[in-house]
Every structure is written in C-alpha cells, then in structure tokens.
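2 protein chains.
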Amino acid sequence: MTKANAVIGQSGGPTCAINATLAGVIDALLKSKKISKIFGTVNGINGILSGNLKELNKIFENKENLSLLKNTPSSYLGSCRFKLPEFEENSEIYEDIFASLKKHNIKYFFYIGGNDSMDTVMKLNAYAKKFDKGVTVMGIPKTIDNDLFGTDHCPGFGSAAKYVAASVAEIARDAYCYFVDSVTIVEIMGRNAGFLTAASALARSENLCAPDLIYLPEHQFDVNEFLSDVKDKIKKHKNVIVAVSEGIKNKDGVYVAAASDVLQNDKFGHAQLGGAAKTLENIVKTEIGCKCRSVEINVLQRAASHFASKTDLAESFKIGKTAVSYALRGVSGEMMIFERENGENYKIKISSMDINLIANKEKTLPENFINARGNDVTKAFINYARPLILGEEKIKTKDGIPVHLVLKR
Amino acid sequence: MTKANAVIGQSGGPTCAINATLAGVIDALLKSKKISKIFGTVNGINGILSGNLKELNKIFENKENLSLLKNTPSSYLGSCRFKLPEFEENSEIYEDIFASLKKHNIKYFFYIGGNDSMDTVMKLNAYAKKFDKGVTVMGIPKTIDNDLFGTDHCPGFGSAAKYVAASVAEIARDAYCYFVDSVTIVEIMGRNAGFLTAASALARSENLCAPDLIYLPEHQFDVNEFLSDVKDKIKKHKNVIVAVSEGIKNKDGVYVAAASDVLQNDKFGHAQLGGAAKTLENIVKTEIGCKCRSVEINVLQRAASHFASKTDLAESFKIGKTAVSYALRGVSGEMMIFERENGENYKIKISSMDINLIANKEKTLPENFINARGNDVTKAFINYARPLILGEEKIKTKDGIPVHLVLKR
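Line by line, the protein sequences give chains C and L.
All the letters of the first sequence, read from the start, carry residue numbers 47 to 455 under my numbering.
All the letters of the second sequence, read from the start, carry residue numbers 47 to 455 under my numbering.
Just so you know, not all the hints are guaranteed correct.
Identical copies go unnamed one by one, so any copy, or any two together, can satisfy a pair.
As the list claims (entries may be wrong) - Under the rule of at most 25 angstroms between Cα atoms (straight-line distance), these lysine-lysine pairs were calculated in the BS3-like manner: (1) Lys444 to Lys356; (2) Lys442 to Lys356; (3) Lys454 to Lys282; (4) Lys425 to Lys444; (5) Lys175 to Lys49; (6) Lys356 to Lys440; (7) Lys454 to Lys279; (8) Lys297 to Lys409; (9) Lys367 to Lys109; (10) Lys175 to Lys367; (11) Lys454 to Lys277; (12) Lys281 to Lys454.
Calculated from the structure, these hints are not laboratory results.
All chains should be built: construct the whole structure from the sequences, respecting the hints.
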C-alpha cells in the first residue's frame with residue numbers, strides 16, 4: 047500500500063476546543079497505516095498557498111504534547127479569515143492550492159472551522175471532484191457561536207458556554223455585595239446567533255437567579271421594554287444582572303452597539319461589533335439613574351481554556367478522530383456533525399453531512415428556546431445546553447499559569 | 047469563665063479570598079472556649095447600626111459550608127463603602143455602634159477590608175479605648191490592589207494576580223492566531239497601585255513573551271513613548287500585547303481614562319475609572335492604523351474564584367485564624383500582617399501591626415519593581431509576586447458551574 051500525506055488547517059475565530067479537534071485528527075492520522083506525513087498548514091489556507099506547512103508527526107509522537115494541545119486555547123496552527131473566490135472568478139488560486147497539495151503528496155485535507163471555513167471546504171471539494179484531483183476534503187465544525195447548520199451543536203460552544211455561565215455567576219456575586227440599587231450588563235459574543243448569550247442562563251442555580259434578563263439577537267430589541275423590565279427587577283431585588291448579545295438590534299435592524307461605535311466590516315461582510323452593553327449602561331444611567339456597570343467578557347469567552355468543558359473537549363477530540371476514519375474510507379465533501387440521540391440521558395452520535403447542505407447557512411436560536419417576551423430563554427434551551435458544559439479538565443500549570451503548547455514558527 | 051460574643055464584618059471591594067479569611071476567623075472562633083455566639087454583620091458596619099446581625103455558628107458547624115465559603119467569591123456577609131466620621135464630628139454614630147455591640151454582648155470585632163476599612167478599625171478602636179468599652183477591634187487586610195501598608199502582601203492579591211496572568215496568556219494566544227499586525231490592550235484594575243497590572247508579567251513563560259509592554263500608575267504616562275514602544279514591538283513580532291493600569295496618568299496628573307470618560311467620585315473621593323485601554327485603542331487606530339482591540343478584565347479579576355491561587359486562599363484562611371488568636375489574647379487596634387522571611391524559599395510569618403501606622407496610607411509599587419523606561423517590571427517584582435499565585439484549588443461544581451455559599455438575607 048502506497049502511503050499518502052495529509053494536511054490539517056484551522057480557520058476563523060479561535061476557540062478553546064479547536065485544538066482538541068486538531069489533537070483528535072492528529073491522533074487518528076498517526077495511528078493510520080495509510081498516512082505518512084501529517085502537515086499542519088500555518089494560518090489556514092494561507093500556509094498551503096505560501097508553502098508554510100509544518101510536519102507534525104514528530105511533535106505528536108510525544109503523547110504529552112498531544113495532551114497539552116487539547117488544553118491549549120486559540121488555534122495552534124494559526125488561523126485566517128480568507129474568502130476563497132468562486133472558481134469561475136479566479137481559477138489560479140485553486141490551481142496553486144492543488145499544485146501545493148500535489149507537491150507534498152497530500153491526499154487528505156481536513157479543515158477545522160466555522161461557517162466561512164465550510165465555504166472553503168465546499169469550494170475545494172467541488173474543484174477536486176470536477177478536476178479529479180484525488181484529494182479528500184473534510185470539514186470539521188468549531189465555533190463558540192454554535193451557528194453551524196446540520197449539527198446538534200458545535201465543538202467549542204460548550205466550553206465558551208461554561209465560561210460565560212461561570213463568569214456571569216461570579217459577576218453576580220460581585221454585584222450583590224453592595225446594598226444599593228445596581229444594574230450590571232454583561233455583553234456576550236454572537237453576531238446573529240444568541241446561543242452563547244442564552245448560555246448565561248446556565249449560571250442559575252438554587253441560590254442564584256442571575257441573569258435576571260437575557261436579550262438575544264433573534265428577538266427585536268425594544269429599549270422601552272428593556273427599561274421597564276429592568277425597573278421591575280430592581281423592585282424585586284436590588285441588584286439586577288442583564289445578559290445581552292453584542293448583536294441585539296432595534297426594530298429597524300440597527301445594532302444597539304452602533305449607537306456608540308462606528309460599524310466596520312470585516313472581509314466577510316460581518317459587522318465588527320462591541321459596545322451594546324456600554325450603550326445600555328449609558329441608557330440605564332440616564333433613564334433610571336442607578337449605579338450601572340457594563341462588562342464585556344470579550345475574547346476570554348473563546349480563549350479561557352483554564353475552565354473548559356470536559357464534555358466539549360472530549361467530543362471535540364472524538365469528532366476529529368472520526369473525521370479521519372470517514373476520510374480514510376473515502377468520504378469527501380462532508381462536514382462532521384453531532385446527532386443527539388433521543389432519550390432521557392444525553393448521548394451523541396458522530397456522523398457527517400454533505401457540505402453543500404451546510405456551507406453559508408447560519409443557525410440561530412430556535413423559537414422554542416426563547417420566551418414570549420424575548421427577555422429570557424426557556425427550559426427547552428437549558429435542557430439542550432446543560433449537558434454540553436459538564437465536567438472540568440485537570441489543567442497542567444507551571445509557575446501558577448496554565449501550560450500551552452506552541453508551534454515553532 | 048463567662049463567654050462573650052464576636053462579630054465579623056467585610057468591607058470595601060470584594061475579592062475571591064475575603065471569604066477564605068472569613069472562614070478562618072469563623073473556624074477559630076468556633077473552636078474557642080471563650081466565644082459563644084459568632085455574628086456576621088451584614089453589609090459591613092451597616093449591619094451593626096441597623097441590627098442586621100446573623101448568627102453564624104450553626105451554619106458553619108457544618109464543615110462542608112466552611113469549605114464552600116473558602117471558594118465563594120465576593121463578600122459572603124455583603125460589603126459597604128462607609129466612611130466613619132471623626133468622633134468629634136459625630137459621636138452619636140459611635141454610641142449607636144457600641145450600644146449595639148453591648149446589646150449583643152459582643153467583645154470582639156473583626157473587620158476584613160482594605161484601606162478604608164482599616165480607617166474604621168482605627169477609629170472604633172480609639173473610641174473603645176477612650177471610653178473603656180472592653181471591645182477588642184482587629185483589622186484583617188484584603189485587597190486585590192495589594193496597596194495596604196505594613197504587610198508584605200494582601201490576601202486576595204495572589205488570586206487576582208493569578209487570574210490576570212492566566213487571562214493575559216489566554217488573550218495573547220487568541221491574538222497570535224492571525225498573521226496581521228495587531229495590538230491588544232488589556233486594562234487591569236488598580237487606581238494608584240500598579241501591583242495587579244504588574245502581575246500580568248507573570249503570564250510570561252519560555253514560550254510566551256506577552257505582555258510586551260506594561261504601563262503602571264506609578265510611572266508618568268507619555269503617549270509618544272507609548273506609540274514608539276508599540277511600533278518597535280510590532281516590528282519584532284506582529285502581535286503586541288499591552289497591559290495597562292486603569293490608573294495611568296499623563297504628566298499633568300490627568301487620567302488617560304479621563305479622555306474618554308467623565309470622571310465621577312465615590313464617597314471616599316476616589317475617581318471611578320475605566321476606559322484607559324479604550325482611549326489607547328483609539329489612539330493606536332488613529333496613529334498606527336493597525337488592528338487594535340481593548341479588553342477590560344473588569345470585575346472578573348476580583349471575582350473569578352474558579353481559578354484562585356491555592357497559596358492565597360490558604361494564607362487568607364490562616365491570617366483569619368491567627369487574628370482570632372491575637373484578639374483572644376488581648377491584642378486590639380492592630381491589623382494582621384504577612385512578613386516574608388529571608389531565604390531562598392518563600393515563607394511567611396503572620397503577625398500584627400498598630401493600626402495607626404497603617405490606616406489611610408497607601409502602598410504603591412516600589413521603584414525597584416519598575417524598569418527605567420517605565421514600560422515593564424523588573425525581575426525583583428517577579429520574584430516577589432510569583433510565589434503568591436502558585437497552586438490551584440479543586441473547585442466544587444454542580445451542573446457544570448462552581449457552587450457558591452450564599453447567606454440567607
């Protein structure tokens with residue numbers, strides 16, 4: 047049997063589980079007799095184009111490195127935001143990519159990423175099939191936003207959700223210590239999908255009612271309803287905790303954040319947000335006049351691997367491994383997915399789905415996860431999200447700080 | 047032997063170690079034969095004035111609650127920002143306080159707090175002595191700012207420092223994933239004392255150079271030097287991480303944060319800060335023109351007990367216990383302190399110091415902890431701070447979220 051080489055790339059915004067998936071792919075490839083060299087493409091598709099491919103075999107024959115990789119946040123191989131043009135618009139870039147793959151005898155291409163990365167997977171797979179390139183192209187999901195279509199949930203979401211929920215609980219404890227009316231507004235990531243903001247509800251327990259209010263991008267934001275909701279809650283108990291998505295919009299579809307920040311567009315045409323909580327803080331100070339603080343959890347919600355979900359990391363690793371077994375038996379042009387099995391206990395099955403059914407679609411919170419007034423989530427959401435945040439990892443630390451694995455550039 | 051009662055209060059900004067100190071005080075009081083009832087005064091001195099005292103004995107005879115208390119962030123008893131007037135200005139409030147103490151047969155008063163709380167300890171002790179009230183008043187330090195005079199370091203600082211350092215490391219990993227010039231500015235708490243901002247340097251390891259630059263309130267901030275420093279670092283490696291104190295000031299003594307926020311004053315005359323990083327973000331975008339993001343770690347640096355320092359919690363507990371043994375043998379009007387012993391290995395001794403030598407003084411970073419250019423810390427600071435962040439606690443979780451102990455109000 048002639049052995050072939052494989053390449054793995056990471057793309058889009060980092061998470062603290064994307065490296066667990068990478069570890070799963072590497073682990074399975076190392077164990078396969080069909081695979082010789084395992085390459086990592088540095089900064090996503092850019093590494094293939096520039097020839098910046100790193101051989102990973104030796105690094106990860108050391109099992110300790112594989113274990114460290116699982117608990118390292120962000121993208122070990124670096125990431126990119128690279129919009130592949132349509133083949134009809136620019137065939138040269140496709141020729142360059144496949145020339146590079148051929149040069150390195152690469153027959154398997156694994157791309158771990160979000161919506162935009164799945165667009166890349168779809169296009170490369172179509173090209174490979176059209177021109178009979180003999181390259182298997184597989185997508186593996188990751189995103190803290192949990193907005194990929196076709197999968198029950200995305201690797202990376204559970205860890206971000208756990209960190210958000212734990213942080214909201216801690217922020218609430220902090221707010222409760224003073225006996226004065228106060229509003230604390232916590233801003234959470236998610237442009238169009240409110241899953242992560244909704245996950246703040248997982249902070250609640252028998253002795254914590256925070257967050258009191260949750261505003262999601264799926265529900266039109268009304269500032270008067272918001273003020274009325276907040277006033278009601280202050281009356282009940284002095285310290286009100288509000289979770290708000292960065293992506294909440296008013297009835298005209300204008301981002302609340304836009305009131306304080308000039309909107310900029312990234313290469314994919316997404317608005318760069320930030321500032322919804324700050325805008326609301328100013329509104330509360332003016333209209334209610336009580337103490338108000340806004341807290342942006344910011345990039346820590348996707349980078350805080352020191353409190354990742356054990357369930358999420360285990361699933362992320364496993365979906366990476368399974369992607370390899372699918373690819374090696376000839377599956378191409380698919381994204382790996384989680385399917386939740388019916389029954390009382392949480393159980394998932396890993397399979398795959400045609401990438402054409404997934405790419406460039408965006409999943410948002412289903413209606414039954416949002417309450418009628420649009421200021422909270424439902425029990426159905428809690429049941430959906432709770433299993434994803436369970437368990438903690440034992441993190442390796444040195445000198446009091448988590449140890450991360452770093453690729454030598 | 048006639049038994050007496052004791053009261054404990056918590057005051058000032060919360061930390062994630064202040065409850066460990068409370069646990070230490072409670073543990074020692076429960077074990078003492080001289081003590082009958084242990085009261086917690088709700089919201090600091092306010093609870094004594096309003097009669098809102100909670101009996102703690104039963105709650106903490108359950109050892110599991112004592113253990114949970116150690117890992118609960120914020121102030122279990124609630125806090126206050128209450129400036130006690132001078133006795134000469136308002137003797138009535140002193141009479142009310144001591145009447146309440148007498149009514150409850152309280153002979154021991156423990157106050158856990160920062161600078162302002164030590165002012166309260168000093169005044170109450172002076173009054174008790176002057177009028178022979180027979181009440182022992184003891185102060186126990188806590189502050190994430192580490193700015194209390196007389197003690198090597200403050201309970202609470204180590205945990206905040208650990209969280210800041212780990213978060214800066216994670217923020218850096220996140221920033222490094224894109225291969226574009228970028229500046230990330232992390233804002234850290236500390237009005238006048240730069241200890242916590244300096245602690246960001248503890249993020250550095252053999253594979254992490256972040257933070258590249260550290261700006262402290264002790265050193266006059268020059269925006270041109272800042273821009274020149276940042277440009278130099280970008281040339282060396284594309285992604286620059288800057289740690290900046292909320293309290294940096296320019297040559298005229300004006301807060302950098304003031305450029306973007308209207309300054310408000312709290313009851314103690316401290317400026318309410320926030321926004322130094324945002325101001326600098328805007329300056330970098332305008333003057334350098336590269337990608338720039340500001341991250342405020344915000345209240346999580348004082349509330350994130352899920353990643354507290356084991357050393358800090360153990361010391362915080364022990365200083366609470368020792369405060370009781372000092373008080374029971376007749377010491378009054380003192381604040382408990384840590385003294386670092388000489389020698390290669392970190393070792394502390396707990397003792398106490400006259401509160402009059404401590405109250406209303408503020409400790410800032412000594413000169414030998416700051417480099418000549420004022421954009422970094424020295425090895426001496428690392429040696430000072432490193433031992434304080436060592437070790438992690440095994441946190442109790444339920445449903446994926448840390449369990450906190452809550453006082454029924």
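We went through each hint and held it up to the structure:
1. For the identical chains of this complex, Lys444 and Lys356 are neighbours both inside a copy (21 angstroms) and across copies (14 angstroms), given an alpha-carbon limit of 25 angstroms.
2. Both within a single protomer and between protomers do Lys442 and Lys356 lie at most 25 angstroms apart by alpha-carbon distance, with minima of 14 angstroms and 15 angstroms respectively.
3. Taking identical chains as interchangeable, the C-alpha atoms of Lys454 and Lys282 lie at most 25 angstroms apart only when they sit on different chains, with a minimum of 16 angstroms there against 55 angstroms within one chain.
4. Proximity of Lys425 and Lys444 under a CA criterion of 25 angstroms is satisfied inter-copy only: 18 angstroms between copies versus 41 angstroms inside one chain copy.
5. For a Cα distance limit of 25 angstroms, the shortest separation of Lys175 from Lys49 inside one copy, 21 angstroms, qualifies, whereas the shortest one across copies, 87 angstroms, does not.
6. Taking identical chains as interchangeable, the C-alpha atoms of Lys356 and Lys440 lie at most 25 angstroms apart whether they share a chain (9 angstroms) or sit on different chains (15 angstroms).
7. Proximity of Lys454 and Lys279 under a CA criterion of 25 angstroms is satisfied inter-copy only: 19 angstroms between copies versus 52 angstroms inside one chain copy.
8. When the C-alpha separation of Lys297 and Lys409 is checked against a cutoff of 25 angstroms, the pair qualifies only within one copy, where the shortest distance is 21 angstroms, while the shortest distance between copies is 52 angstroms.
9. Proximity of Lys367 to Lys109 under the C-alpha cut-off of 25 angstroms is restricted to the intra-copy arrangement: shortest distance 15 angstroms within a copy versus 44 angstroms between copies.
10. When the C-alpha separation of Lys175 and Lys367 is checked against a cutoff of 25 angstroms, the pair qualifies only within one copy, where the shortest distance is 24 angstroms, while the shortest distance between copies is 72 angstroms.
11. Taking the shortest alpha-carbon separations for Lys454 and Lys277, only the inter-copy value of 23 angstroms comes in at or below 25 angstroms, while the best intra-copy value is 54 angstroms.
12. Taking the shortest alpha-carbon separations for Lys281 and Lys454, only the inter-copy value of 18 angstroms comes in at or below 25 angstroms, while the best intra-copy value is 56 angstroms.
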